[in-house]
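Number of protein chains: 2
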Amino acid sequence: MTTNPQDLQDVFDFIEENQDEYIAWLQLLCRQPSVAAQNRGMQEAAALVQQLTEAIGARTELVPTSGFPVVYGEIDSGERRTLSFYNHYDVQPEDPLEEWDRDPFSAEIAEGRIWARGVADNKGNLIARLAAVHAYQQVRGRLPLNVKFIFEGEEEIGSPNLHEFVASHPDKVQADACLWEAGYKDVNNRIQVALGVKGMLYVHLSVEAANTDIHSAYAAIVPSAAWRLVQALNTLKDQDERVLIPGFYDTVADPDEAEKKLLDSMPFDETGFLKGLDIPAFVRGATGNEVKERLIFQPTCNICGITTGYQGPGSKTVLPAKASAKLDFRLVPDQNPDEILKLLRSHLDEQGFQDVNIERGHGSMPAKTDVHDPIVKTVLDGVPRIYGHEAVVHRMTPGTGPMYILCQSQGIPSVQVGVGHHASQNHAPNENIYVEDFVSGIKMIAHILDEFPRQVV
Amino acid sequence: MTTNPQDLQDVFDFIEENQDEYIAWLQLLCRQPSVAAQNRGMQEAAALVQQLTEAIGARTELVPTSGFPVVYGEIDSGERRTLSFYNHYDVQPEDPLEEWDRDPFSAEIAEGRIWARGVADNKGNLIARLAAVHAYQQVRGRLPLNVKFIFEGEEEIGSPNLHEFVASHPDKVQADACLWEAGYKDVNNRIQVALGVKGMLYVHLSVEAANTDIHSAYAAIVPSAAWRLVQALNTLKDQDERVLIPGFYDTVADPDEAEKKLLDSMPFDETGFLKGLDIPAFVRGATGNEVKERLIFQPTCNICGITTGYQGPGSKTVLPAKASAKLDFRLVPDQNPDEILKLLRSHLDEQGFQDVNIERGHGSMPAKTDVHDPIVKTVLDGVPRIYGHEAVVHRMTPGTGPMYILCQSQGIPSVQVGVGHHASQNHAPNENIYVEDFVSGIKMIAHILDEFPRQVV
Chain A
1 MTTNPQDLQD VFDFIEENQD EYIAWLQLLC RQPSVAAQNR GMQEAAALVQ QLTEAIGART
61 ELVPTSGFPV VYGEIDSGER RTLSFYNHYD VQPEDPLEEW DRDPFSAEIA EGRIWARGVA
121 DNKGNLIARL AAVHAYQQVR GRLPLNVKFI FEGEEEIGSP NLHEFVASHP DKVQADACLW
181 EAGYKDVNNR IQVALGVKGM LYVHLSVEAA NTDIHSAYAA IVPSAAWRLV QALNTLKDQD
241 ERVLIPGFYD TVADPDEAEK KLLDSMPFDE TGFLKGLDIP AFVRGATGNE VKERLIFQPT
301 CNICGITTGY QGPGSKTVLP AKASAKLDFR LVPDQNPDEI LKLLRSHLDE QGFQDVNIER
361 GHGSMPAKTD VHDPIVKTVL DGVPRIYGHE AVVHRMTPGT GPMYILCQSQ GIPSVQVGVG
421 HHASQNHAPN ENIYVEDFVS GIKMIAHILD EFPRQVV
Chain B
1 MTTNPQDLQD VFDFIEENQD EYIAWLQLLC RQPSVAAQNR GMQEAAALVQ QLTEAIGART
61 ELVPTSGFPV VYGEIDSGER RTLSFYNHYD VQPEDPLEEW DRDPFSAEIA EGRIWARGVA
121 DNKGNLIARL AAVHAYQQVR GRLPLNVKFI FEGEEEIGSP NLHEFVASHP DKVQADACLW
181 EAGYKDVNNR IQVALGVKGM LYVHLSVEAA NTDIHSAYAA IVPSAAWRLV QALNTLKDQD
241 ERVLIPGFYD TVADPDEAEK KLLDSMPFDE TGFLKGLDIP AFVRGATGNE VKERLIFQPT
301 CNICGITTGY QGPGSKTVLP AKASAKLDFR LVPDQNPDEI LKLLRSHLDE QGFQDVNIER
361 GHGSMPAKTD VHDPIVKTVL DGVPRIYGHE AVVHRMTPGT GPMYILCQSQ GIPSVQVGVG
421 HHASQNHAPN ENIYVEDFVS GIKMIAHILD EFPRQVV
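Those sequence lines, one after another, are chains A and B.
For the first sequence, the residue numbers in the numbering used here are 1 to 457.
For the second sequence, the residue numbers in the numbering used here are 1 to 457.
For identical chains, the list gives no copy identity; a pair is met inside one copy or between any two copies.
The calculated lysine to aspartate or glutamate pairs, modelled on EDC-like cross-linking and capped at a C-alpha distance of 16 Å, are: (1) K377 / E390; (2) K342 / E359; (3) K322 / D95; (4) K322 / E208; (5) K275 / E208; (6) K322 / E99; (7) K322 / E359; (8) K322 / E98; (9) K260 / E290; (10) K342 / D250; (11) K322 / D278.
By construction, these hints were calculated from the structure, which means they are not laboratory data.
Just need the whole structure built from these sequences, with the hints factored in.
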């Protein structure tokens, strides 16, 4: 049963009339730095999120974990259906600061956009969800379903304690569906809806070749940590982007026909994307469906950063004793981060790099939701209603999240839709969302609140 | 004709009686940071060096260059022979600061040593030479030869403007011999005398793969500057330490028999050296004369530093748009830095790395002095006189300096001897010299001042 679009006009009108207030909530949250990787502003951010959640009428709780707390909120309307919202209040570090055109924590509005670290990932979505619940209740008095808010503070550092939250609070986690953290418009301004996420293994590789840096005159005889690291890294991937770790692809399933079909209908503006980044071509010179298939279905081995030796201005002639690199592997079903870690260690050992130390960072399993689930239909029906076009469906997002832990491992279907756009610059300088997308995103959530209880399982 | 060691006892006594004053001069200079690479304290350091040089009775001049000035001083005694001293008042950057046990600019005295950035390289030597000239004049009234002081401020950044000084001031450069900047005691406490230097080519490699860093989820399709740099670096040298740039070794001459013989007499405490750095072995598992031959006669390709992406605490999932590395090649006769630069560019192009940009840093030619020159005999005679043992002669130092520009290209022989020791930590944290070596070094210079004019050409 599909709702008449007019049915929610009252709520949509209210959202538009009150958009300045919702934007103010978002700016307030964005102006509070909350960099989990640097333990910066986390307590203040958690308190602020709790306060905002309490203010829309939810019963809230700051649930402690071994790391930063989960801000939990719920509104029990006594209804049969329960929808949970997963978001996070932590953000990525803002560096390199010099590449920002504005203070990353000013949340300035310019050119129709709000600019701030975390505005797209993930504060804009977090606030949009609170705003929708607020608006719906203001107009209709009460919600037609129960809602739960699970706002964690460690997503950007790999959600190391979310499994602890899930294990200790099964009652807070349980829901009929979960609306996952984010989503965006592509280069053609079409809303992307994602039904899964890639997994991840993050590692810190390091080499300590001597107990001190020395004058580079000794390079003729003293082993170099920098060279060891470069040589070790070079064994991990070839120039054709093939990961060289034996066994890495063993559990990777090729997309099935239905999944490949989704690629056909997935618009992807190659020219626009290339131009946006000012790059001449995609890796391997890929074009057409190969680009999309790589993005959605291929695992990766990415270097997030390398540091060794002297990096300041001018020159210094030094032989570095230490070198390290941060890498992330994006995983696809059925790759398991623990298995990949073992394969990586074996590979380095076999290549003679026993001296390369591996420190495990966060790991998460890839996850997929059944395309026939009611929450999927609810979201897909909402897109034409709010945006006037059909959604573009992604089998998985190229990005990662702890969806498996919170949802699939608990039998909960989950779908992503949100307020970002293709140039939102998540994790990068000049992160931003359009004010218009923020307001539409609130309406989209209002639609889901209204529609999900009507869907027949 | 060899001098009776007793002849200079008056000068040596004066040096010992006044050593506290000379140490105070050295501390004063070490407490003045002078990091050319960062343009830090350079003006103040030049003024201080000029003042100290003036104070020993030299006519001084701050000779401007396109970079930092040369502090020039001369004492014209109306004698036939002229000896020049080449030193530098600039120092390497002091980072990593956290690895220093003391403030690098405190010039603290502890455990019989003076600890400071630049105390070994090269302020200890600069002051020792001023002190010797001062002492000799105080005791003997006048010098038996003319001296020239050429104290440059850009050695640690590759002496980019020394050729300009040489070209514009041939009168200031001309001398019968030049005492080069430094020298040290080896692990057996034997004085090393060097008759040449390796050359150098410093380059900054950089890759800009996109116009902005992006979320690493896109690693499946977007080229990575970090990977490009790693792959390009990996083509430069193999794991057997062989530089892979075609033509790199074409002009490298094997050491002749006399040169190889010098290696036999060069003590090298492999165990002590390995233990000092806490390394299991030298590169290629080299031992014995292979280690020494590599150090003195082999060119190198060293990574001084690499920087790309996120390097802060914790993790960040980013695909870096930019990556860069600083490299130094140590060159041996007859490698020419300009030629090596061309070979490097051709090699990267041929390997498909046209996208790797090369910015040329400093370059200097390798240099060798005739072993039969009077200045060589003067210095070698002085070692048993001051230190009680024969000098260990190095055909070239593993390190680099602009010896060719200032000396060999002008027909001036040059020799290195100085106040450092094998663990002086040049260019590294906890740089230091022994107080005792500083005082002996002053005596050594006094010997040279006295003896060089007596040597028959």
